[in-house]
Structure formats: C-alpha cells, structure tokens
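Student: As a plain string of letters, each chain reads:
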Amino acid sequence: MSKRESIIQTKDLNLWYGTTQALIDVNLKMKPNKVTALIGPSGCGKSTLIRCFNRMNDVIPECKVKGQVYYHDKDIYGPGVDAVEIRKKIGMVFQKPNPFPKSIFENIAYGPRVQGVNNRKKLESIVEKSLKNAGLWEEAKDRLEDSAMGLSGGQQQRLCIARSLAVEPEIILMDEPCSALDPIATAKIEELIRDLVKRYTVVIVTHNMQQAARVSDYTAYMYLGKMIEFGETTQIFENPQEELTENYITGRFG
Amino acid sequence: MVKEFHDALDALSQKVLEMGRLSEEMLNNAVLSLRDMDVELAQNVLAKKACISEMDAEIEEEALRILTLFNPMASDMRRIAAVLKMITYLARIGRYGKDIAKITVELAGQPHVKKLVSIPYMASEVGFLIRDSLKAFEEETIEPLKDFTEREKNIDELRYSIFRECLTYMMEDSKTITRCTRYIMVARYLERCGDHAVKMGEKIHYMITGEHIDLDPTGPETCPGT
Numbered sequence: 001m002s003k004r005e006s007i008i009q010t011k012d013l014n015l016w017y018g019t020t021q022a023l024i025d026v027n028l029k030m031k032p033n034k035v036t037a038l039i040g041p042s043g044c045g046k047s048t049l050i051r052c053f054n055r056m057n058d059v060i061p062e063c064k065v066k067g068q069v070y071y072h073d074k075d076i077y078g079p080g081v082d083a084v085e086i087r088k089k090i091g092m093v094f095q096k097p098n099p100f101p102k103s104i105f106e107n108i109a110y111g112p113r114v115q116g117v118n119n120r121k122k123l124e125s126i127v128e129k130s131l132k133n134a135g136l137w138e139e140a141k142d143r144l145e146d147s148a149m150g151l152s153g154g155q156q157q158r159l160c161i162a163r164s165l166a167v168e169p170e171i172i173l174m175d176e177p178c179s180a181l182d183p184i185a186t187a188k189i190e191e192l193i194r195d196l197v198k199r200y201t202v203v204i205v206t207h208n209m210q211q212a213a214r215v216s217d218y219t220a221y222m223y224l225g226k227m228i229e230f231g232e233t234t235q236i237f238e239n240p241q242e243e244l245t246e247n248y249i250t251g252r253f254g
Numbered sequence: 001m002v003k004e005f006h007d008a009l010d011a012l013s014q015k016v017l018e019m020g021r022l023s024e025e026m027l028n029n030a031v032l033s034l035r036d037m038d039v040e041l042a043q044n045v046l047a048k049k050a051c052i053s054e055m056d057a058e059i060e061e062e063a064l065r066i067l068t069l070f071n072p073m074a075s076d077m078r079r080i081a082a083v084l085k086m087i088t089y090l091a092r093i094g095r096y097g098k099d100i101a102k103i104t105v106e107l108a109g110q111p112h113v114k115k116l117v118s119i120p121y122m123a124s125e126v127g128f129l130i131r132d133s134l135k136a137f138e139e140e141t142i143e144p145l146k147d148f149t150e151r152e153k154n155i156d157e158l159r160y161s162i163f164r165e166c167l168t169y170m171m172e173d174s175k176t177i178t179r180c181t182r183y184i185m186v187a188r189y190l191e192r193c194g195d196h197a198v199k200m201g202e203k204i205h206y207m208i209t210g211e212h213i214d215l216d217p218t219g220p221e222t223c224p225g226t
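Just so you know, the protein sequences line up as chains R and F, in that order. Each residue of the first sequence is one higher than the one before, starting from 1 at the first, in our numbering. Each residue of the second sequence is one higher than the one before, starting from 1 at the first, in our numbering.
Calculated from the structure, these hints are not laboratory results. All figures in this text were calculated on a predicted structure; none of them were measured in a lab. Some clues are possibly wrong.
So, partial list: chain R residues that the calculated Cβ filter (under 8 Å) puts toward chain F [as the list claims (entries may be wrong)]:
{"no.": "1", "residue": "His207"}
{"no.": "2", "residue": "Met209"}
{"no.": "3", "residue": "Phe237"}
{"no.": "4", "residue": "Glu238"}
{"no.": "5", "residue": "Asn239"}
{"no.": "6", "residue": "Pro240"}
{"no.": "7", "residue": "Glu242"}
{"no.": "8", "residue": "Leu244"}
{"no.": "9", "residue": "Thr250"}
{"no.": "10", "residue": "Gly251"}
Computed Cβ-Cβ distance ranges for the label pairs, DEER-style [what the hints assert, rightly or not]:
{"no.": "11", "chain 1": "R", "residue 1": "Phe94", "chain 2": "F", "residue 2": "Lys146", "range": "48 to 58 Å"}
{"no.": "12", "chain 1": "R", "residue 1": "Pro32", "chain 2": "F", "residue 2": "Tyr160", "range": "39 to 49 Å"}
{"no.": "13", "chain 1": "F", "residue 1": "Val2", "chain 2": "R", "residue 2": "Asp25", "range": "28 to 38 Å"}
For every residue, glycine included, the Cβ atom is placed at its ideal position computed from N, Cα and C.
Using the sequences and the hints given, assemble the complete structure.
Tutor: Written as structure tokens, this is what we have:
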C-alpha cells in the first residue's frame with residue numbers, strides 16, 4: 001500500500017516520555033473510510049499512538065518523538081507543520097465526555113467560530129448537520145440553548161462527536177469513547193461509528209474486545225510499545241497469527 | 001473469571017471426549033452384536049441411545065453458556081465452534097450404532113449368510129477414524145488427520161464391495177434377501193459414520209489451525225451459480 005492509499009501511515013515511530021520509551025518502531029498503515037481498532041493491555045502504548053496522530057502528545061512535557069507520521073503525504077511531525085491545522089482535520093473524542101459548560105448550540109458552534117464563521121444562519125446549518133451526523137439531532141433539536149451539562153453521559157459523548165464533526169475533519173480519533181457509558185449508550189455510539197465511517201476514517205482505542213470485533217474493519221494489537229499484529233478484524237479475532245495476540249484475546253495473558 | 005472460563009472450556013472438551021468414546025463404543029458393540037448375534041449386547045447398545053442424546057443436549061447447553069458468559073475469541077472460539085458441530089456428528093454415529101443393534105435384534109435366531117468378515121473389518125476402519133479424530137481433538141494436533149481422505153476412500157470402497165458381494169448371494173438364493181439387504185444397510189450406516197468422522201476431522205483441523213479444509217475424497221462441492 002502506497003502512502004496515497006493509506007490516510008495515516010507511521011514509519012519507525014518511536015516515542016519517549018522522559019527516559020521511558022512508550023512506542024518502539026511502530027509501522028502502521030491505515031486505510032481511509034475504515035475503522036481501525038487499537039487493542040492491547042494497559043500501558044501498551046495505544047493511547048500514546050492515537051495521540052500521535054494529531055500531535056496531542058505535544059502538550060506533554062519531556063515527550064520526544066522520532067520517526068514519521070504521515071497524514072496523506074504530509075509528515076505531521078515535519079518542519080513548519082501547524083498542529084492546530086492538523087487537529088482540524090484529525091478530530092478527537094476522549095474517554096470521558098467533556099462538553100464545554102455552554103449551551104448545546106455553542107458547543108458545536110465553538111470550533112467553526114474559532115475558524116471565523118460568524119454568520120448565524122451558517123452556524124445553525126453546521127450545528128444541525130453535525131448533530132444529525134452524530135445521531136443527536138432528534139434528542140437535542142428542541143433544547144439547543146440548554147446547557148450541554150444537562151445531557152446524559154451517552155448524549156454528551158455524541159455531542160463531543162458532533163463537536164468534532166463541526167470543523168469537517170477527515171479522521172476521527174476515539175480514545176475509549178464508550179468506557180464511561182452504559183450498554184445502551186455504548187450501542188448507540190457503536191452504531192454511530194459504523195455510520196460515520198461512510199464519510200470519515202475512524203481510529204478507536206478500546207479495552208472491550210467485543211467492541212473492537214463489532215465496530216472495526218482492521219485491528220492492531222499492541223504490547224509493550226510495539227505493534228505486534230495488524231490485520232483484518234475477523235482474522236485477528238478468529239485466527240491471530242501471533243502467539244502474543246492469541247494469548248491476549250483469549251485471556252491467557254501474562 | 002479467566003480461570004473459571006478455561007476450567008469450563010476444559011471440562012467441556014472432556015465431556016466431548018467422553019461422548020466420543022461412548023459413540024464409538026456403541027458402534028463397535030453394535031457390529032460385534034451383529035457378528036455374534038448377541039442380542040443382549042445389542043440391547044445394551046439400544047439402552048445407551050438415551051445417554052448420547054442427553055450428552056448432546058448437555059454439551060450444547062454448556063457450550064452456549066460459555067459463549068454467552070465469556071465471549072470466547074480466537075482458538076477458544078474455534079474450539080466451541082468445533083464442539084458444537086462434533087456433538088452432532090457423534091450423536092449420529094451413536095444413532096447408527098443403535099440402528100445396527102436393532103438389525104441384530106431383527107435378525108436374531110437366523111444364521112449369517114456366511115461368516116461376517118467384511119462388515120467387522122469395515123467397522124474397525126471406521127472406529128480408527130473416529131478415534132483418530134478424537135485424538136487430534138484431545139492432543140490438539142493435526143497429525144492423526146493427515147491420511148483421512150485416503151482412509152475415507154477405502155471405507156467407501158469397502159461399502160461397494162459388500163454391496164456387490166451381497167448382490168451375488170441374493171441372486172443365488174432369494175432366501176438370503178432379508179439378511180443381505182440388512183448387511184447392505186449396515187455397510188451404508190458404517191460408511192456414513194466414516195463420513196461423520198471425516199467431517200469431525202475437518203472441524204478439528206479448523207479448531208487447531210484456523211483453516212477450513214476439505215477432507216472429503218470427492219473434493220469440495222460448489223453451489224451452482226456461485
């Protein structure tokens with residue numbers, strides 16, 4: 001697969017937090033309009049890796065990156081790359097829903113406003129489209145001016161997804177987006193992911209292997225900072241080629 | 001929880017082996033009962049039919065419980081998938097044992113057309129196939145499956161030779177028809193048991209390697225239009 005066929009590609013990616021190496025020679029190619037799941041035990045580097053894709057690790061002091069992360073053909077760690085521009089195209093949703101303490105409308109409109117969109121009509125259309133794409137429109141349309149903090153956990157998480165969609169990203173990174181949600185809210189997010197992937201590329205970190213099996217097209221298994229196995233999800237969960245992967249997904253780990 | 005899961009999976013595998021041994025024993029004893037016209041042994045086989053049905057239901061229920069509670073993955077998932085198919089094949093083998101035992105009871109009191117040699121030989125070949133399947137399952141090795149296709153072919157040949165032999169007896173003497181048609185049925189049952197053992201082998205191969213293979217001597221079948 002050439003760089004062109006992959007939307008994100010890492011090349012010999014190494015990362016250190018101070019003297020601790022968290023990623024070791026990670027090579028990975030992710031296809032557009034697919035869901036890629038990153039799985040592995042706690043501390044294996046999956047959250048670190050996903051945060052490399054939009055340079056979220058930049059804010060961590062003493063974090064050092066070596067190697068390349070290509071977004072299309074551009075090395076996002078290359079000279080002169082604006083991390084803010086990258087984050088516009090590569091949005092992120094976190095483990096705990098983190099809406100701004102503002103109205104539902106303002107949460108979504110925030111990003112476009114920062115980008116200079118001030119026309120009310122235009123903002124309304126962005127808010128409606130984003131909420132629809134995040135499957136929250138029907139529940140939120142009559143309470144757009146209410147505080148986002150009044151939404152349920154699952155709704156807040158979909159709001160955060162809508163917020164990331166408002167700036168028209170190409171990729172959505174999700175770091176354990178369902179771990180703070182109940183099974184019904186989780187099912188809604190999972191359905192949403194399958195819907196989103198028609199228009200976006202999704203990378204999801206999850207500890208729930210059934211979730212990875214349900215929502216992803218490709219799965220990467222990481223262990224101690226290394227990419228152990230990457231392949232089609234059905235192959236990884238039905239017939240993994242690496243013993244380490246097998247041991248982890250069958251619970252024989254450690 | 002992980003320990004509970006693996007203990008449950010091990011216990012399930014042991015139950016499958018137990019069921020396998022019982023099915024094989026039923027088939028073997030049924031053929032012995034026919035060879036020796038031993039009605040008591042035949043009745044013993046008939047009584048075991050209920051045990052096979054019970055084990056079939058019990059293992060299926062347990063396999064489904066494990067699936068629901070633990071969502072097994074990879075080789076564990078493949079083991080459950082193999083088990084669910086194996087118990088169907090084993091139950092059928094046991095049932096053919098019952099069918100052969102019934103024939104012993106039907107024919108009781110009549111002498112054999114001639115000394116039964118081919119049928120017990122065929123039964124022993126089928127028995128080896130079943131035992132080798134179970135061995136592959138127990139030891140998680142595909143080694144015992146390696147010549148299954150050839151052995152299955154030989155079993156098919158044995159069935160045809162029994163059929164042709166019986167045909168000559170029936171043409172020579174119509175009084176042998178009742179017995180000979182039963183021998184032909186028994187050969188057919190044994191051949192089916194051989195097929196089931198081979199099918200089990202395929203599932204066990206999948207369980208061990210993750211690859212689906214076709215051990216059937218006639219080769220893979222394709223659905224028309226695909």
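Student: Each of the hints needs a verdict: does it hold here or not?
Tutor: Each hint, compared with the structure:
Because the closest C-beta pair between histidine 207 of chain R and chain F is about 13 Å apart, greater than 8 Å, the hint is violated. The criterion of a C-beta within 8 Å of any C-beta in chain F is met by methionine 209 of chain R, whose closest approach is roughly 6 Å, and the hint holds. With its C-beta approaching chain F no nearer than about 5 Å, phenylalanine 237 of chain R sits inside the 8 Å limit, and its interface hint holds. Against a cut-off of 8 Å between C-beta atoms, the interface hint on glutamate 238 of chain R holds, since the closest Cβ of chain F lies about 6 Å away.
A least Cβ separation of about 3 Å between asparagine 239 of chain R and chain F falls short of the 8 Å threshold, and the interface hint therefore holds. About 5 Å separates the beta-carbon of proline 240 of chain R from the nearest beta-carbon of chain F, less than 8 Å, and the hint is met. A cut of 8 Å between beta carbons decides the hint on glutamate 242 of chain R: the least distance to chain F is about 11 Å, and the hint is violated. With 8 Å as the threshold, the beta carbon of leucine 244 of chain R stays out of range of chain F, its nearest partner Cβ sitting at about 12 Å, so the hint is violated.
Restraint check, threonine 250 of chain R versus chain F: the minimum CB separation of about 5 Å is within 8 Å; hint holds. Annotation: glycine 251 of chain R was flagged as interfacial toward chain F, and the flag holds, the nearest CB pair being 4 Å apart, inside 8 Å. At roughly 53 Å, the beta carbons of phenylalanine 94 of chain R and lysine 146 of chain F sit within the given window of 48 to 58 Å. For the pair proline 32 of chain R and tyrosine 160 of chain F, the supplied restraint of 39 to 49 Å is violated, since their beta-carbon distance comes to about 58 Å.
Checking the proposed 28 to 38 Å range against valine 2 of chain F and aspartate 25 of chain R shows it holds: the Cβ atoms sit about 30 Å from each other.
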